[in-house]
Amino acid sequence: MELKQLYREIVNEHNLRPVHKGKLENPDLVMRGINPSCGDDITLQLKIENGVITDGKYVGSGCAISQASVDMMVDQIIGKSKEEAIKLAGTFMGMIKGEITDEESIESLDEAASLQDVRHMPARVKCAVLGWHTMQEMLEHPEKANDKVEE
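Plus 10 on top of the position in the sequence shown (first one is 1) and you've got this note's numbering.
Keep in mind the hints are simulated off the structure, nothing from the lab.
Keep in mind that a hint or two might mislead.
What the hints assert, rightly or not - Below, in silico cross-link-like pairs of lysine to aspartate or glutamate (EDC-like), each with a Cα-Cα straight-line distance of 16 angstroms or less:
{"hint": "1", "residue 1": "K92", "residue 2": "E150"}
{"hint": "2", "residue 1": "K136", "residue 2": "E147"}
{"hint": "3", "residue 1": "K92", "residue 2": "D65"}
{"hint": "4", "residue 1": "K92", "residue 2": "D51"}
{"hint": "5", "residue 1": "K92", "residue 2": "E153"}
{"hint": "6", "residue 1": "K31", "residue 2": "E59"}
Put together the whole structure using the sequences plus the hints.
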């Protein structure tokens, strides 16, 4: 199977059958992220214990890339410390912007590396980074996180 086809299948799988979409009971942090240019709208919810992300979910709607990206991201950050999650966000955004190209860094993103070619589609960059940017913002500035999930 061609690599690009495999990547498309990974994105489609996370978009059509997301693992982490839904409401989280009693989240510690909740933040909404919106991409006004194409209408992507997510609310990310995280549970954190002793500085480690123990669970996460999101609700919202948007294009396949935004939905798949946030689902992959939540999968990737569960079990990670806040610092590790923030570092992964930086790696992901660097990959999407074409600033990070070394294989070792990109491989650290696991399935999210399948979105690497989005950098060639400028209109989709904001879609891909929405969840990652929202997560980074809520972990770096928890005081900005709100306390409820939009319906």
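Checked hints:
1. K92 <-> E150: holds (9 angstroms)
2. K136 <-> E147: Cα-Cα ~15 angstroms, so holds.
3. K92 <-> D65: holds (12 angstroms)
4. K92 <-> D51: violated (23 angstroms)
5. K92 <-> E153: holds (15 angstroms)
6. K31 <-> E59: violated (21 angstroms)
Checked against the numbered hints given earlier, this structure breaks hints 4 and 6; the rest are met.
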